[in-house]
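Letter by letter, the chains look like this.
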Amino acid sequence: MSKIFKNQIFIPVAALLLLMLFNLVIDPSFFKISMGVNSAGNPVLSGYLITIINNGSELAILAIGMTLVTAASGGQDISVGAAIAIAGSTMLRVLCGTNTRPDTLRTPIFVAFIVGCLVAMAFGAFNGVLVSIFKIQPMVATLILYTAGRSIAAWINNNELPIISDPKFGYYGGFIPGIPIPTPFFIAMGCVVIIALVLKFTNLGLYTQAVGINESSSRLNGINPVFIKWLTFVILGACVAVAALIKVSRLSSINYSVIAKDIEMDAILAVALGGNALSGGKFNMAASIIGAFVIQTLTTTLFKYNVPSDALPAYKAIVVIALVVFSAPTFRDAVSKFVKNIKGGKSKEVAHV
Amino acid sequence: MDNNALLSLRGIYKSFPGVKALQDVDFTLRKGEIHALMGENGAGKSTLIKVLTGVYTKDEGEISLEGSDVIIRSPEDAQHAGISTVYQEITLCPNLSVAENMYIGRSDDIIQNWKAMNAGADKMLKSLDIPAKATQQLGSCSIAVQQMVAIARAVDMDCKVLILDEPTSSLDDNEVQKLFGLMRELKARGVGIIFVTHFLDQVYEVCDRITVLRDGKLVGEYEIKDLPRVQLVSKMLGEELDDLSDIKSESTGSSVDTSGEPVIEAEGLSSTEGIRPFDFNIHKGEVNGFTGLLGSGRSECVRAIFGADRVVSGTVKKNGKTIKISKPIDAMKNGIGYLPEDRKVDGIIGDLSVKENIILALQVMKGFFKPFTKAEANAFADEYIKALSIKTASADTPIKSLSGGNQQKCILARWLLTHPDYLILDEPTRGIDVGTKVDIQKLVLKLASEGMSITFISSETDEMLRTCSRLIVMRDRKVVGELKGEDLTQNKIMSTIAGGEA
Numbered sequence: 068m069s070k071i072f073k074n075q076i077f078i079p080v081a082a083l084l085l086l087m088l089f090n091l092v093i094d095p096s097f098f099k100i101s102m103g104v105n106s107a108g109n110p111v112l113s114g115y116l117i118t119i120i121n122n123g124s125e126l127a128i129l130a131i132g133m134t135l136v137t138a139a140s141g142g143q144d145i146s147v148g149a150a151i152a153i154a155g156s157t158m159l160r161v162l163c164g165t166n167t168r169p170d171t172l173r174t175p176i177f178v179a180f181i182v183g184c185l186v187a188m189a190f191g192a193f194n195g196v197l198v199s200i201f202k203i204q205p206m207v208a209t210l211i212l213y214t215a216g217r218s219i220a221a222w223i224n225n226n227e228l229p230i231i232s233d234p235k236f237g238y239y240g241g242f243i244p245g246i247p248i249p250t251p252f253f254i255a256m257g258c259v260v261i262i263a264l265v266l267k268f269t270n271l272g273l274y275t276q277a278v279g280i281n282e283s284s285s286r287l288n289g290i291n292p293v294f295i296k297w298l299t300f301v302i303l304g305a306c307v308a309v310a311a312l313i314k315v316s317r318l319s320s321i322n323y324s325v326i327a328k329d330i331e332m333d334a335i336l337a338v339a340l341g342g343n344a345l346s347g348g349k350f351n352m353a354a355s356i357i358g359a360f361v362i363q364t365l366t367t368t369l370f371k372y373n374v375p376s377d378a379l380p381a382y383k384a385i386v387v388i389a390l391v392v393f394s395a396p397t398f399r400d401a402v403s404k405f406v407k408n409i410k411g412g413k414s415k416e417v418a419h420v
Numbered sequence: 029m030d031n032n033a034l035l036s037l038r039g040i041y042k043s044f045p046g047v048k049a050l051q052d053v054d055f056t057l058r059k060g061e062i063h064a065l066m067g068e069n070g071a072g073k074s075t076l077i078k079v080l081t082g083v084y085t086k087d088e089g090e091i092s093l094e095g096s097d098v099i100i101r102s103p104e105d106a107q108h109a110g111i112s113t114v115y116q117e118i119t120l121c122p123n124l125s126v127a128e129n130m131y132i133g134r135s136d137d138i139i140q141n142w143k144a145m146n147a148g149a150d151k152m153l154k155s156l157d158i159p160a161k162a163t164q165q166l167g168s169c170s171i172a173v174q175q176m177v178a179i180a181r182a183v184d185m186d187c188k189v190l191i192l193d194e195p196t197s198s199l200d201d202n203e204v205q206k207l208f209g210l211m212r213e214l215k216a217r218g219v220g221i222i223f224v225t226h227f228l229d230q231v232y233e234v235c236d237r238i239t240v241l242r243d244g245k246l247v248g249e250y251e252i253k254d255l256p257r258v259q260l261v262s263k264m265l266g267e268e269l270d271d272l273s274d275i276k277s278e279s280t281g282s283s284v285d286t287s288g289e290p291v292i293e294a295e296g297l298s299s300t301e302g303i304r305p306f307d308f309n310i311h312k313g314e315v316n317g318f319t320g321l322l323g324s325g326r327s328e329c330v331r332a333i334f335g336a337d338r339v340v341s342g343t344v345k346k347n348g349k350t351i352k353i354s355k356p357i358d359a360m361k362n363g364i365g366y367l368p369e370d371r372k373v374d375g376i377i378g379d380l381s382v383k384e385n386i387i388l389a390l391q392v393m394k395g396f397f398k399p400f401t402k403a404e405a406n407a408f409a410d411e412y413i414k415a416l417s418i419k420t421a422s423a424d425t426p427i428k429s430l431s432g433g434n435q436q437k438c439i440l441a442r443w444l445l446t447h448p449d450y451l452i453l454d455e456p457t458r459g460i461d462v463g464t465k466v467d468i469q470k471l472v473l474k475l476a477s478e479g480m481s482i483t484f485i486s487s488e489t490d491e492m493l494r495t496c497s498r499l500i501v502m503r504d505r506k507v508v509g510e511l512k513g514e515d516l517t518q519n520k521i522m523s524t525i526a527g528g529e530a
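Which chain is which? The protein sequence lines are V and P, in order. Each number in my numbering corresponds to the 1-based position in the first sequence with 67 added. Each number in my numbering corresponds to the 1-based position in the second sequence with 28 added.
So that you can see chain P by itself, here it is in the shape it has in the complex:
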């Protein structure tokens, strides 16, 4: 055990019905260090943080702070022990003053000494070099300053451990630098900081150590200098670098004729979701994909092409002709289909029947005053229920009562029914059983061989290698590379995702 350890967690277990969220996880934080906690979605980062802050109670394991065991049953316990958390979304009250926010809920006195409170707040803000005044309304500060106020509140409560949960997601570069300055200042004061983020550049900029989790298990703890980026990415994704390097792409991509005009070509496209302007093109019968870590901007790119987010710059051409896409219906009329990443929120219309869900997109394209007859709608639904072997009691069953895989097939049917020239599939296989996964991959290749252009996005790299003939690699919301042919290997993808010195 490290003598310098400020906080140590040993053998933490936590499970939820059906899920083992944490299994035998160890974590050590030392005095005056910034420690990154890394992992993909579902790795157990949030669960670990919530155990530490008392939101969840652990099933097994020990937590010790400065050498003595502590029991944390509630967020209050955590606060008293000196563990504070600042979340991505500000959890303060924007309509109160900065000072009020810093002291709210901390005083047992009935009478509040406002003068002393404001003076104390000003002193703290000044010592941390935070550009805000005690009496200023919190809502009038920028998000970055609000976050800093939240940190100042934590520091003022003599926190020993500060947890920053994705604090930089809504900040611009300048604000991020200010936040990093504050973090270094706290580090110098001996505070231990746990930094959760998915921005690799930021990890390598401020952190001293990295702990990687995957599937609820500890992968390891590393000094930042001992873990090159590419290694980090491979540890997060769980792909052993060399074992997988010889998997060859089975895709038929090499036969795609890329000499002609691309079906869809985008130039300098960017949207309000904060992706850097990117170029994109896809040819007839081609399958390509966007890859990158979670939050790297892959979904935002395809949403910009489809007009799902507000596009702020760039042009899109179809077969060489400039087209204007400002909302989804424009894209649909130009033969673009989009299966969204989040099936529940953006895909299914839960209470409507399988039939209505399948015909929806084509119906909208046909027009408000031209509803399909019952016979037409039934014919469409039956055709695709059969073609994609959707398991449903009947075409009139509400879609929400189907399994995830069958719901996804309905959404896929919805877009196939529109006979698009270009189909975007964003995580079509997430949360779906293996059999259906393979079905969907096969279908993608079949459609491509029939001349459809498809963009396929998946968190599983091997799936993308199997289907795509070209991969566009993204990091921190910008396109950082494009891989095809010989370069389509796990190693190459990971090193491109990692970027930097790798």
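Same shape as in the complex, but just chain V:
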């Protein structure tokens, strides 16, 4: 029992179950999934659970990259939302050219994605160079792109808002005809499978953790800490591109100042909720990904009970504080001590009797 409690993955799973239990008690219709037809006449599933796996996809993808960056560099990338704007804008620009309302796409979507991916990875590499070579604190280093990113994104399309009418582009953020489960969920699961394979068949996990725990020692064992840190930022860049594709596909357009706003904070939170130390070192990827879905479940639950979207962050903050305090080692130690005391007190009483 105590082993389960000590396992790192316990906290996000427990949080998820707790939220589910809350919904089950208050209103079991939360779990209702119904089959409907969307505007294009395709069969689609709908319900709160579908919303969670749909909208939580981008967050889960970003949590993968953020976990690696956190582990290796002991800091976080706060430019993720801005980088999504840049990558999304790039994809639209490649698809549309200079014509903001094209009837046909100028390039295949695949090509646009690759270009967006390269751009996002290049910006990741830029952040990575600042952190690994120039040894700037990750939050400070990425503050640069955080500040400049959205204007760069607007500049890529001359501050115009391209709209894509080709329904095929909408598949990535919506539904593929005939498949009732939202596509983003498949993309997210694809990313999870890829990272699972990468962690299994390469030493990425061992190296990032070693560098994050003891850089000097890693270097003396032949690891190149500068390269590993840089690499994690580039990987996060790739995650950003995937998330950007989903985001722009959802709208078939872009809003530079609103797209993926504050998503970096949720991604960092997902890592923290997963019980991973934000100061770097050991990490648990599965816990981070579940952490991302916990955040989405929380958001969706709050929406369900008609919390106004302006007030949403405040409510979210309260729940997050509770979760984070609960997962803090000092709190957990205090609790286990408290429990021990109660037990100890009881046995004493028995002895007296």
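These are calculated hints, taken from the structure and not from any lab test. Don't take each hint at face value.
[To be verified] The calculated lysine to any residue pairs, modelled on SDA-like cross-linking and capped at a C-alpha distance of 25 angstroms, are:
#  : chain 1 : residue 1 : chain 2 : residue 2
1  : P       : K398      : V       : A353
2  : V       : K267      : P       : F396
3  : V       : K202      : P       : K361
4  : P       : K215      : P       : D54
5  : P       : K394      : V       : K404
6  : P       : K372      : V       : E282
7  : V       : K267      : P       : T401
8  : V       : K349      : P       : G378
9  : V       : K404      : P       : T425
10 : P       : K372      : V       : A353
11 : P       : K355      : V       : E282
12 : V       : K349      : P       : I357
13 : P       : K361      : V       : R286
[What the hints assert, rightly or not] A short, non-exhaustive set of chain V residues, derived as facing chain P with CB atoms under 8 angstroms:
#  : residue
14 : G103
15 : N270
16 : L273
17 : I280
18 : L345
Ideal Cβ placement from N, Cα and C applies to all residues, glycine included.
Chain V is fixed; fit chain P onto it per the hints.
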């Protein structure tokens, strides 16, 4: 008691949980003398300085300044009493001007007279012949000048006792001479100077007296002319010269065949850590060692061979072929292993398991895309946990929860697993219980007899005599001698370390 005594400490005791850092230490400083405080690591030099400057409070003992007792509870008390300290690392503010640094925190006035301050600073700098201007930003001066400014600040505060804690470590020869000039000037003004350093040459150049500490106890106070270098070294190391002279080396070194090509041969090697270019070679099955006092550059030499520090000159040959080592992985691929001096900082990866720590080096050599399977990793870990009898709950226990000796065995296992041709062990037995120490020494001799070449570094000379067949002696960051065969005795080692007139 000396009538001329400026500062005297009597019967100082200070202990920390589990450690008696100072036991019944006396120290006397006279007016206008430069007094060296000497001792190896853990001798109690720093503790004594910190007691004197109020960083630590003493448990027992008396401090008197110019004949009257003083109570020093905080650094401010020390400053008011006229005791100033200049540390190795500059503790001033590099982004303020020289004058601001000299007067910072000393004025109670709300309004600062900048003009007077700058003029005062310039006057002081001039009188001490320090090449800096009052209005110059401190950061733009060389480290040596910054140190002198720190001294000028102390002098301006009418300090009677000036403590210089390893001030010369980051200075070049020229700068050291300038600093010595300043010290002599202050000496002439009647300031008493306590000089802490590990450079023997410098002690004999400027100091009048030496006080030696060892293991928290006073060894003695000596006039410089009465204490030849070799005596000083023996007092610091605590080896009685003649008692130990007849200990014979048990090493099997004489049987090493040194006629063939050396396994590793280095020529004119030097690194950014400031060691003088040195030559080095080691043959198959040989155990040799670097010896010298703390800070003499023994670790820096082996780090240069392994590519741990940036190498700036020299060539390395393996079995006669020139190889290029610019970073640790190059050395590893050429069959070199390195167990670093500081286990915590450079050795263990604390949060990772014993297993991951053991396989790390071999895994890195195997490559990023070829991780060991779980079964392989477990087999490696179990093999070495058994072979070196590492005491751990399981192979998955985080290494940081093991005792120091067992952590060291894991690091040793890490390198043995790579099956190196040449293994460097830098202080493998430091902070380890006696049993494990003997185990490691035996293992070194066994590995050598199986054909591995090993460089063994230790602060304990008898340990080196037991394992090494050849010793390279270092002083002040250069190689000053090489001892083997008949010459491998405590006496000979100490006299070579001391050098000079000995």
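Hints the structure fails to honour: Violated hints (numbers, rising): 3, 5, 10, 14 and 18; every other hint is consistent with the structure.
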